[in-house]
Amino acid sequence: MKTLILEIKGNSLDDGPGIRTVVFFKGCPLNCIWCHNPESKKAVIELSWDKKECIACLSCAKVCPEHAIDLKYQNFVDRKKCTLCFKCVDVCPSGAMSTVGKPMTIDDIMQHVLKDKPFYDTSGGGVTLSGGEPLLNIPFVSELLKQCNNNAIHTLIETSGYFNWNEFESCIAPYCNTVYYDIKLIDEEKHKTYCGVSNTKILSNFKKLIHLSQSMGIHVVPRIPLVPGITATEQNLTGIAKFLHDCGVDNVELLWYNPLWPEKCMKIGNNAKVDETLTRWMPHEEYERCKKLVSGVTITL
Amino acid sequence: MLLFTSQSKFNTIGTGIFIKSFLKFIAFNFNNRKSLNRYLKTKDGYLNFTIGLRTEDNSITCSIAFMDGRVTVSGTIAPDANAVLIFKNEDAARKLLLGTPTDIIYMLLKSDVRIDGSITYSNIFSFFISLLFNNVQKRAMKKERQADEKKVKKEHPKPHKELSDEIARRRKERLKGKKEDPDVLYLEDPYLSHYCLDDFPRIKKFLDDHLTKKPAICAERAILLTQWYREHGFDTDNNGTPWDPVLRNAYAYKYLMEHKKPVIQKDSLLPGTTTSKPIGSPIFPDSTGIMIWNELLTIPYRTYNPFDIDDQTREILHFEILPFWLHRNFKEWVREKYNNPLCEQLDERFALYFDWKQATISHTIPNFPKVMAMGTSGMIDEIKAELANDCSQEKRNLLTAMINCLEGINAYAKNLSQQALSDSYQETDPIRKQELLKIADICSRIPFNPCTTLHEALTAMWITWIALHNESLNAGLSLGRLDQWLQPYFINDMKNTPPEKREEYIKQAIELVADFYMRCTDHFPLTPDLANFYFGGSSSDQAITLGGVTPDGRDAVNDMTYIFLKVTEMLSIRDPNVNARYMPGVNSDTYLKRLCEVNLITAATPSMHNDAAIIKALTPLGYDIQDIRDWSATGCVEPTLSHKHFGHTNMQMMNMVAALEMALNNGYHPLTRLDIGPKTGRPEDGVFKTFDDFFEAFTRQFAFIIDQSIDYNNTLAEAHQYLRPTPLLSAFIEGCLEKGRDVTKGGAKYNSSGTAIIGLADVTDSMMVVKKLVYDEKKYTFADIKKAIDTNFQNDPVLLATVHKKVPLFGSGNEEAVAMANRIAKWAHDYFASIPHYRGGTYTTGFWSMSNHVAFGTLTGALPSGRLAGKPFTPGLTPQPFASKNLLDNIRDVAKLDPVNLTNNIAFNVKVVPSAIESREKTVHDMFSYVKTYFTLGGMQMQMNVVTSAVLRDAMAHPENYRNLIVRISGYNAYFVTLNRHMQLELIERAEYGI
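Sequence lines, in order, name chains A and B. First residue of the first sequence: 1, per this note's numbering; consecutive thereafter. First residue of the second sequence: 1, per this note's numbering; consecutive thereafter.
Chain A on its own, in the form it takes in the complex (with noise of 0.2 Å):
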């Protein structure tokens, strides 16, 4: 059983306490515009050409098949003309042409967890599964889990809230320690324009969540990633917090907005304009005046 894997990064130390290995998935049922990995959406393998590593040697554009590499080209390759061979991949010196997306095992991503066994006893860390969504491919990451349980790693998934309820509550939730949840926008048409799915499913699933999670122990963490004009908004902060006040939940982590994803999207080759707004990162006075939002539906942060 293989998935596509993104990334496994070890030594983190924000996602979840303690150090941390984060294990990213590829493939995202959501679409957010805003989102902070974009070449985590699609579940297939892209071609990634990175112009702060490149030497231009043009090493890569001998040996492309397809005549798709090119100085003349924005962002040097065409992706017409790509048939994803990846051979510019395996002739370039300086990694800036580089597949995007791996096929793993469990026994593959183990390999890499286990190696860091032992930063996780002594600062309580663990591994975080992210991506993309992890849920997106439930069988595997439920087994993944289970041999992270075996090993006595703690477990945390990240996740969009979008995944099959029953399947999550049989094979997820027995062996998950930490789940962060985000919502993102609690208007639903708003969510179908912004995310590309109605976040029905994902506030169920969340209700559902709550309410499991105390029998079972599992802790639960609701995150708002904050967007300028788009979730940082009045009526959508307090929206959250009055929904999760409703749900009984008193916390909530409030995710500073990221604006390096559009040289992300560059490198995959998708240049899509991006609004002005969303390429600053936000200001102080911004983040605190959205924490009052929140916490003005009695949220603790």
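Treat the hints loosely; a few may be bogus.
[What the hints assert, rightly or not] In silico DSS-like pairs for lysine-lysine, Cα to Cα no more than 27 Å straight-line: (1) Lys779/B x Lys87/A; (2) Lys115/A x Lys826/B; (3) Lys871/B x Lys51/A; (4) Lys62/A x Lys806/B; (5) Lys72/A x Lys805/B; (6) Lys805/B x Lys115/A; (7) Lys115/A x Lys896/B; (8) Lys51/A x Lys885/B; (9) Lys896/B x Lys117/A; (10) Lys51/A x Lys779/B; (11) Lys885/B x Lys9/A; (12) Lys102/A x Lys2/A; (13) Lys102/A x Lys805/B; (14) Lys922/B x Lys9/A; (15) Lys896/B x Lys9/A; (16) Lys264/A x Lys885/B; (17) Lys87/A x Lys885/B; (18) Lys291/A x Lys922/B; (19) Lys102/A x Lys885/B; (20) Lys805/B x Lys62/A; (21) Lys433/B x Lys414/B.
[Stated by the list, open to error] Calculated Cβ distances over 12 Å to all of chain B for the following chain A residues: (22) Pro65; (23) Cys82; (24) Asn166; (25) Leu203; (26) Leu212; (27) Thr233; (28) Lys242; (29) Gly296.
Simulated from the structure, these hints should not be mistaken for laboratory data. Given the structure is predicted, the values throughout are model-derived calculations rather than measurements. Every residue, glycine too, gets a C-beta built ideally from N, C-alpha and C.
Given chain A's structure and the hints, the job is docking chain B onto it.
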């Protein structure tokens, strides 16, 4: 050697004519100006010598002779010239004459000019030139400094207050600790979080002085000793009988200590000063002292480590002291006895190795517990009892020498007591008056009698420390396990203090220890300007060791451990160099977290060590396990078995990369143009059929360099035995009394010499590149690689990118790279260990670099590893910054090095940057997690710089905001703002990991 005419004028005449005119100008002035001519005659008569100058191809030859007060210039060089300056070419000769003193240093380092023969005479010649041109030199030095400062300021015009504030703010927030370590008996909050520097006004003042006052050269010791030797003879006594050097030095030493000026430092609780100055640099004319002859006029004006020197000191040094030591210094003694041996010539080319014995041996841990427990009187009694037995003449002499030295200490203490008493009469402040009376009282009994209180114990230690520094130059003489040795006195005081007064007493204990730290900063090693390039910013490196386990393996962390850590945190000074031991499974998390917190607050200290790995490393050497468990860090990081071991743990700095360069060039060393190594073949000729063939070529070159370095070490060791045996130190090292042999001759219970091998990561990575690209994958020929490095990769960007990105390097988490590092370390260890040691015992191998990774890097061409020409090597054995983006890969790989090969310890530098928004608890917890895991995995040593490159850049341009920002170089701490630019940039360019 600054010019007396403008460059444009000079360019129009031939170099040969110019040099001769230059020499004639000197001769004319010295022959005709009384003010100059008088310098040619000293107390020992005329300075008679000849200096030749020539180009390598002899296109220019001339010489200048100083004879009976007359100076003459000749167009030839007499075969008996004392020293010949050999220029690489005529351009180099021009440059040398036109250059600033800094230029000249770089020319020497880069082999644009070399000195054949006596460096001392060449220095005197430089001093004479300086007498003529010192004003020009000073102006040039000032101009150079200003231009440099202007350049840096231009790059970073505005100070970033928020950055300097952040560092200062760190000490405001302090965690509390749990009382859980079994030997912490009294401290309810072992982190002592409610104390800060403001609670100790006198310490604050000491610190301020330390950071603002320039040290002054103190000639007191040299004057007194030279007086004694002039009166009683040096080689033979007044009856013409050859002196036993041990006895001679002991008598002279006693005279020194009896006449040394007793000084009670203003406001200090600990009496005595290393020199006669508030912050002084004692001059040791038998080693480094003679090396600053040429700088007597300019030393206050140099950019790095300037020293004040008054006119009287300068005059007495030139006319009375230094001439006496002209041939009685380590370097010239070896040169004369062994006819300018190759091993010494190689050392003096600066690019292969540096032997520390040309300065001192130091680098051991004296027996403080002994003097505290039995007093000098008890020690003398013990020696006398031994003397009553049937003794050999050697033993009889040594024991007599020891007694004389100890009596010298007693005389000094008595003088201090009287001084304190007389100071108290003058004192108007009643509180200080009482303090002075107390000091007078303590010194009247201590260190003669055993100590009972912490104040007495620290006084005994401090007076002993001064005494040892007056016997031999302090470079890495280290203090040992002070928390262990002082805890009994702390407990005794506590027992005698009523419970309601205990908190007040704890505060006094902190103040006393802080005072002790500040006393340790009262002297500074005097080094020639050249040494600032090699050891920039280094102080004496007086290591203190804390924590770990007791000799029987129990948790050693106690109240005093935390008091020392508190002082370390509050003062944030570079020296004493604080080293903390940690035993996995024995020492507590509370303790390790405190080490991390102090590291965070001070940004650079303490350095942390894993007892388990040290024990693994030292056990095969056959040492007693109880003694191993009692190890202390010495100088930088090196293990010494406390007060039983003469381990000269920094006998040398060894540039392993030079061996690699010679293997790539068939035994030829490119920078020095020396064709000296074995003929192992040119890689371009395809002589290396397999990778192992090349590896063997490397080891043959390395063996050649090591052999030479050991030759030099041995001959210098002999010089020490004759010129500067150390009977006082011998009284403080176990074994000497019983064997009746001085430490310099192998009297200690354990003997060894330790090397610091530089460039393990660079050599490993270069080997990996050759192995993978040439032999395994066959992507490139060896000739391709050789061509690329010969041209500094300028025409080979693809190869350079491949090396950086496609070859698994040390620190990337690749097993093969780790195996390569282990293979190299093992070879070095096994080879050194196979060499017979002159004192018995063994040679130990360490992989740390002080600042020599920068110095040697500057003198080395491009490497297969992709490191470009002139760039620093990595510090210690730290992986290259681009080996992996993941710090855990670095940590794991370093932890996988077999400790058995790391018998002289390592320096693994990690630069971490705390997030601005995380809590103190989280930041400390993250640091703790790295260190604890690294130690659990078997890693030996780790040192963290907790500072961003942005801060360092700001500090470079605006030093006034960062005067006490300490950084870990490799093994030692330095004030960042006092480092030379190369070293500052190396620190800035180190990999930085966010936490």
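Results for each hint:
1. Lys779/B x Lys87/A: Given that 27 Å is the threshold and the Cα spacing comes to 17 Å, the pair holds.
2. Lys115/A x Lys826/B: Between Lys115/A and Lys826/B the Cα gap is close to 25 Å, so the pair holds against 27 Å.
3. Lys871/B x Lys51/A: holds (26 Å)
4. Lys62/A x Lys806/B: Roughly 19 Å separates the two Cα atoms, so the pair holds.
5. Lys72/A x Lys805/B: It holds: about 26 Å lies between the C-alpha atoms, which stays within 27 Å.
6. Lys805/B x Lys115/A: holds (22 Å)
7. Lys115/A x Lys896/B: holds (13 Å)
8. Lys51/A x Lys885/B: holds (18 Å)
9. Lys896/B x Lys117/A: holds (16 Å)
10. Lys51/A x Lys779/B: At roughly 25 Å apart (the allowed maximum being 27 Å), Lys779/B and Lys51/A satisfy the hint.
11. Lys885/B x Lys9/A: holds (10 Å)
12. Lys102/A x Lys2/A: holds (9 Å)
13. Lys102/A x Lys805/B: holds (19 Å)
14. Lys922/B x Lys9/A: Given that 27 Å is the threshold and the Cα spacing comes to 20 Å, the pair holds.
15. Lys896/B x Lys9/A: Status holds; Cα separation ~21 Å.
16. Lys264/A x Lys885/B: holds (18 Å)
17. Lys87/A x Lys885/B: holds (25 Å)
18. Lys291/A x Lys922/B: Holds: Lys291/A and Lys922/B sit about 22 Å apart, inside 27 Å.
19. Lys102/A x Lys885/B: holds (19 Å)
20. Lys805/B x Lys62/A: holds (20 Å)
21. Lys433/B x Lys414/B: Given that 27 Å is the threshold and the Cα spacing comes to 19 Å, the pair holds.
22. Pro65: holds (21 Å)
23. Cys82: holds (22 Å)
24. Asn166: Fine: 38 Å to the nearest Cβ keeps Asn166/A off the interface.
25. Leu203: holds (30 Å)
26. Leu212: holds (30 Å)
27. Thr233: Answer for Thr233/A: holds, closest chain B Cβ roughly 24 Å.
28. Lys242: Non-interface label on Lys242/A holds, nearest chain B Cβ at 27 Å vs cutoff 12 Å.
29. Gly296: holds (22 Å)
Checked against the numbered hints above, the structure breaks none of them.
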